[in-house]
Every structure is written in structure tokens, then in C-alpha cells.
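K.L.:
Listed below, chain by chain, are the residues.
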Amino acid sequence: NAGVTQTPKFQVLKTGQSMTLQCAQDMNHEYMSWYRQDPGMGLRLIHYSVGAGITDQGEVPNGYNVSRSTTEDFPLRLLSAAPSQTSVYFCASSYSITTGEGYTFGSGTRLTVV
Amino acid sequence: SQQGEEDPQALSIQEGENATMNCSYKTSINNLQWYRQNSGRGLVHLILIRSNEREKHSGRLRVTLDTSKKSSSLLITASRAADTASYFCATKEGSTLGRLYFGRGTQLTVWP
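Line by line, the protein sequences give chains A and B.
All residue numbers for the first sequence refer to our numbering, where the first residue is 1 and numbers rise by one.
All residue numbers for the second sequence refer to our numbering, where the first residue is 1 and numbers rise by one.
The hints are simulated quantities; they were obtained by calculation from the structure and are not laboratory data.
All clues given are correct.
Rough simulated footprint, nothing fancy, chain A against chain B, three-plus residues with beta-carbon under 8 Å:
| hint | segment |
| --- | --- |
| 1 | 30–41 |
| 2 | 99–112 |
To list a few chain B residues with every Cβ distance to chain A over 12 Å, as calculated:
| hint | residue |
| --- | --- |
| 3 | Leu11 |
| 4 | Ser12 |
| 5 | Ile13 |
| 6 | Gln14 |
| 7 | Glu15 |
| 8 | Thr20 |
| 9 | Arg62 |
| 10 | Leu75 |
| 11 | Asp83 |
The model shown is predicted, which means the values in this text are computed figures rather than measured ones.
Yeah, the Cβ is synthetic: ideal placement off N, Cα and C, and Gly gets one too.
Same shape as in the complex, but just chain A:
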């Protein structure tokens, strides 16, 4: 099925551990972004990419790394997990965010850091 696939759906980490949240899309979209959603804060942009090999920081990039080696995949790496990174993480992709499509979102990864 076409869409944005995020794995895992749930994850519990200990403080200091590292992990990678996976995001894959099969729609040949150039634009991909990672957001975190916290209660009362809406969605905040972590990192985004406008094509393979091109990434840039969003509003809250500290503690996260990304890479875009292929059009399909855009993994988000937590370098050393902290309780402040407890959140729901969404990956989104789009052919173009300046036309009528907008973003297609994945179903999210709920991360708890203890």
C-alpha cells in the first residue's frame, strides 16, 4: 500500500541509549520531514529534506541526526536519549509542499525515555 511507513510504533528507551526511528515512503516524494508532537505544543519540525543527499534543520534539531541516502528512506537518529525526548514522532512526505498535495503523514512512533 502506498504511503508513509514508520517503525517502530512504540519504543521505550533508557536515558543515554541511542536508536533510529525508521521512515519509508513509496510515492517517490522529494520532500520529507520529521516532527515531534507534545501535548499543548502542536507539531514542531526537527529536520527536513528536499531530496536525496539534502537535509536541513528545523525548529528543534538538537539531539537528533538525519540522513537521506535514498529518495525512499529518511531515518531519524537519537544520539543519546533524554527524558525530554519523550514524544510522539511523525514522519511526513510530499511531492511538493507548494502545490495542492500537502504532506502525507505516517502513523507515528510513540517514544518514552525513562
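Starting from the known structure of chain A, fit chain B onto it as the hints suggest.
P.N.:
Leaving out everything else, chain B in the frame of chain A:
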């Protein structure tokens, strides 16, 4: 913060009534988008309005944009219980290629 701000934070209405949500933003934009999020799910794109457009319709949705006031509104007509969700506005700034910034959302509850 580049986020837009939705108003009100929460809205509760009866089925059949209209629901109006507002969004204000700070910088010049290329376009403004509205999304819906059902509880525990990802966001779903509803409609996009460009900076040179003033009004747009899609089914029961009507979006207006006033760039002089840096504000937008989303009207849902004849609301249904299935419209219960959080609604977010998102802004695409003119100067940045890939950034889309979201507001904090309006929680809409439609009672049967």
C-alpha cells in the same frame, strides 16, 4: 517561534452546526494548509490555500486567507460527529524551500 496560532484551543458544538477555527501567523507565507488529526492517528491534509488566493472550498470546508492581517479561517459547515478531531494550520514560508510549520491546533468536539 514560526508557528501559527489557532483559536480557539477547543470548540464544542452540536451536529448540524457550523464550526469556525482561526489561525494567525507571523511571517510572510507562500501558502497555508489545514490538517485534521483524529485521536491517536497521523495528520491528514485537508486543503491548501496560496498567498494570492482569498478563499477556497472543498466539500463542506471553506478556507479564507487574509494576508494583510496574517490570518486564516477554516469553516466546517453542517458538522457531523465524525468531524470530531484536532485541526491544525500549517504555514509554508516564502523564503524556505522545505519548511512547513504547524500551530498548536484546535480540538473540535461535535456532539450527536
